[in-house]
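Visitor: Counting from 65, one number per residue, gives the positions in the sequence shown under this note's numbering.
Please keep in mind that the hints were generated in silico from the structure rather than gathered at the bench.
All of these numbers come straight from a predicted model, not from anything done at the bench.
Any given hint could turn out to be false.
Derived DSBU-like pairs (lysine-lysine); straight-line CA-CA distance at most 35 Å [claimed, not checked]:
id	residue 1	residue 2
1	Lys-310	Lys-235
2	Lys-206	Lys-319
3	Lys-210	Lys-310
4	Lys-210	Lys-106
5	Lys-319	Lys-106
6	Lys-319	Lys-235
7	Lys-206	Lys-106
8	Lys-247	Lys-310
9	Lys-206	Lys-235
10	Lys-247	Lys-106
11	Lys-247	Lys-235
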Amino acid sequence: MSDKGVSLLSRVMLRFCVVGCLAVLFQSAATARVLLEMSEVKLLQEQGEVILVDSRSATAFQAMHIAGAVSIPSNETYRQSGRSDLVASTRDMRRLLTQAGVSEHSRLVVYGDNNYLEISRLFWVLEMFGLRNVSIMNDSFKHWRKQGYGTQTGQQAVTESDFSPSLDEDKLATMLMVYLAIKDDGEMIVDARSALEYEGDESQTGIYGHIPSAINIPWHQNLTADFTQFRPVEELAALYRRVAVKIRYTVYCNKGLESAVNYVALRELGMSVRAYDGSWYEWGLRSSLPRGMGNE
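Using the sequences and the accompanying hints, generate a full structural model.
Guide: Right, here's the structure in full:
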């Protein structure tokens, strides 16, 4: 490696170490742990220090939910016009969040029934709209019920908040940002699709290949074999060990859903990460943009 390359690597490593150390020092004061065990969530609930966010449909919530929880259905956080797989407008998100009584400083824990695609996406959406104290219950509502913990039916009264969410550009990548990240030595792009899609042998969009410089970590590898939980942090660390140390990571998939699972995993590992909402569907339709094939 040239002296210039060594110097750049040294600067990247130094910055990563500084950022990492600061993150550890201030984590308890500034941010929440990402993945929580059910017992931890139960304790927070008993202490009244948390808003439990039910990510399931409004119908499922009405039928039964964790006692005291509020409903923010993940399926209502999508755009109402145009590309229906993209994130909802700030206006629509403000309605959802204020109706649920969420404020800027709320301590939130998202839960569902093992649908970690939608649970993870809601986690990302909440962070993207400026909420900094968000976690996920790394277990299911079904298991919560089996433990005999408190549940309710119907819709409980919630005091609306006056929260005005705004987009956090550090959590949302645009097509231009991804293009610039390809040749940025301080950034890494992570493709959450299957290996066959990444290598260009299959496609859900009709366009084959991947974004150049991206590495492939399929979304399901972040979960246990039965898809009921995220893998333990030491296993996630081993999974991402081949990912070079970078200042920032950008995740993408086909339409911005599967990559949310990778987003959560990287956040659990303490990384700075953002998601490309347009994903391969948007990138692949632009013939002027570069595409990689195989393992290139």
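Visitor: Work down the list of hints and note, for each, if the structure agrees.
Guide: To see whether the hints hold, each was checked on the structure:
| no. | hint | in the structure |
| --- | --- | --- |
| 1 | Lys-310 to Lys-235 | holds (16 Å) |
| 2 | Lys-206 to Lys-319 | holds (28 Å) |
| 3 | Lys-210 to Lys-310 | violated (42 Å) |
| 4 | Lys-210 to Lys-106 | holds (14 Å) |
| 5 | Lys-319 to Lys-106 | holds (34 Å) |
| 6 | Lys-319 to Lys-235 | holds (16 Å) |
| 7 | Lys-206 to Lys-106 | holds (14 Å) |
| 8 | Lys-247 to Lys-310 | holds (13 Å) |
| 9 | Lys-206 to Lys-235 | holds (31 Å) |
| 10 | Lys-247 to Lys-106 | violated (45 Å) |
| 11 | Lys-247 to Lys-235 | holds (20 Å) |
When the structure is compared with the earlier hints, violations turn up for hints 3, 10 and for no others.
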